[in-house]
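Asker: Each chain is listed here by its residues.
2 protein chains.
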Amino acid sequence: MKRVMLTIAYDGTNYCGWQTQKNGLAVEEVINNTLSEMLGEDICVIGASRTDAGVHAMGNVAVFDTDSRIPADKFSYALNQRLPDDIVVQSSCQVDAGFHPRHCNSTKTYEYKILNRRFPLPTERLYSHFLYYDLNIKKMQDAADYLVGTHDFKSFCSVNTQVKDTIRTIFSINVEKSDETVKIRVSGNGFLYNMVRIISGTLIQAGTGQINPEDVKIMLEAKDRNAAGPTAPARGLTLVGIKYQNNC
Amino acid sequence: MKRVMLTIAYDGTNYCGWQTQKNGLAVEEVINNTLSEMLGEDICVIGASRTDAGVHAMGNVAVFDTDSRIPADKFSYALNQRLPDDIVVQSSCQVDAGFHPRHCNSTKTYEYKILNRRFPLPTERLYSHFLYYDLNIKKMQDAADYLVGTHDFKSFCSVNTQVKDTIRTIFSINVEKSDETVKIRVSGNGFLYNMVRIISGTLIQAGTGQINPEDVKIMLEAKDRNAAGPTAPARGLTLVGIKYQNNC
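Chains as they are written, first to last, in our numbering: chain A, 1092 to 1339; chain B, 1092 to 1339.
Bear in mind the hints are in silico, worked out from the structure with no lab data behind them. Among the hints, a few may not be true.
Heads up, the list lumps identical chains together, so a pair's fine if it works in one copy or across two of them.
[Claimed, not checked] Restricting the straight-line Cα-Cα distance to at most 27 Å, the calculated cross-link-like pairs of lysine-lysine (DSS-like) are:
{"#": "1", "residue 1": "K1274", "residue 2": "K1334"}
{"#": "2", "residue 1": "K1093", "residue 2": "K1308"}
{"#": "3", "residue 1": "K1230", "residue 2": "K1165"}
{"#": "4", "residue 1": "K1255", "residue 2": "K1165"}
{"#": "5", "residue 1": "K1268", "residue 2": "K1229"}
{"#": "6", "residue 1": "K1204", "residue 2": "K1268"}
{"#": "7", "residue 1": "K1255", "residue 2": "K1229"}
{"#": "8", "residue 1": "K1274", "residue 2": "K1093"}
{"#": "9", "residue 1": "K1274", "residue 2": "K1204"}
{"#": "10", "residue 1": "K1093", "residue 2": "K1204"}
Make the full structure from the sequences, and use the hints.
Answerer: Below is the structure:
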């Protein structure tokens, strides 16, 4: 028996998200079915991040246990032969039997992409949030700086969450503009339900001048979802990657 | 009566190409139907470039004549309200009644995008050609340089073409690598059927070492489609834009 870790990229457009649900096909489900069929075992992967419907990933992480003799590093090739085009395993390796992708300390990095121009671009419509209004990048960065550090992010969490501990640490937020694309890159030790999308929606408000950067401080203190900005659309969000302190 | 010029962006994935055909929905057809319904006139646009199935555009050009009182520059907004998400008019303006998008002198720019890494990226699968093998960018550029200028491009044209004059002028070809993406940018006064895709397929062969850059000279001289490299897949190609000498 060995534990195998997969790093998985996917286009979230056609899925109801990472986690298996009744109302639609989940990425997790496709991976479970493909692995189970391939190995003749009943495989249920443990995923690191439960991305929402429409959210993309360059490197979500999942582990599973198997008796298979396939070398751990060959699983990426074997799986990619069988997976649909919109899910591609980027790497596979063996990890300790006790490694758990949600309980082990990690740094998760997300990127929120905004297309800021006069008209939408068709080829970007599923991978960015289109915005006509000019964004002030400096104000967005100033607003973001208030969020960096260890805070109670209750205001930046959807009320649907079952989580009780809403304290998280954000290591960095960088807002950058290149041509017509604005990217918000957020790294932290963990994120609440919809947290990066609510942060992005709030930073957009700072960028358009609807709020002042320093208002973010008051939002944090309110500990109330209604105090923060709107939840930005899922399609702009990509889980870039997850780094574990004891990586394989 | 006025002649209106549209600059049109589209995601070519779900279309059989620009030109109306029996076997599938064409971009041109969608625009004709949308304009005809909107104006209550029977509109048939004249397009500048007949892009293939799966090829994308940032700025293809089309013109039509109308008696409508809608100001020419408002057509972009009016059309975008009615067009599907994967076709977006980027601008509209009035042009001279004699302006013809294929007969007037122009510079067309295409970009061919190659994703050069270990595994494909799902979100790029419809907008780039995935290639595992390392590409030597200098050799690709050296090969490209033989194509710049006025030549008979018969070797770089699909045999299906009905065109007799196969002489064209390429103003520039630039091959650039940024992270894991290689872009081939080609500008010229006109292109034969599949020409940019055959150029791209040939430059890829130079990049992987299957041919030497100087072989391109012999390919040109052969005036035979079999002498040049393969036709690279449509999804990697985007018509970036068309500049007219007397633009509106």
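Asker: None of the hints should be skipped; say for each whether it holds.
Answerer: Hints, verified against the model:
In this assembly of identical chains, K1274 and K1334 lie within 27 Å of each other by CA distance solely inside one copy; the values are 20 Å within and 30 Å between copies. Taking CA atoms no more than 27 Å apart as the test, K1093 paired with K1308 passes in neither setting, with 47 Å inside one copy and 56 Å between copies. In this assembly of identical chains, the alpha carbons of K1230 and K1165 never lie at most 27 Å apart, being 47 Å within a copy and 33 Å across copies at closest. In this homomeric assembly, K1255 and K1165 never come within 27 Å of each other (Cα to Cα): the closest approach is 40 Å inside a single copy and 52 Å across copies.
Taking identical chains as interchangeable, the C-alpha atoms of K1268 and K1229 lie at most 27 Å apart only when both belong to the same chain, with a minimum of 10 Å there against 29 Å between chains. Both within a single protomer and between protomers do K1204 and K1268 lie at most 27 Å apart by alpha-carbon distance, with minima of 10 Å and 22 Å respectively. Taking the shortest alpha-carbon separations for K1255 and K1229, neither the intra-copy value of 34 Å nor the inter-copy value of 56 Å comes in at or below 27 Å. In this assembly of identical chains, K1274 and K1093 lie within 27 Å of each other by CA distance neither inside one copy nor across copies; the values are 39 Å within and 42 Å between.
Within a single copy, K1274 and K1204 get their C-alpha atoms as close as 5 Å, and across copies as close as 21 Å, so both meet the 27 Å cut-off. Neither within a single protomer nor between protomers do K1093 and K1204 lie at most 27 Å apart by alpha-carbon distance, with minima of 38 Å and 40 Å respectively.
The structure fails hints 2, 3, 4, 7, 8, 10 (numbered hints given earlier, in ascending order).
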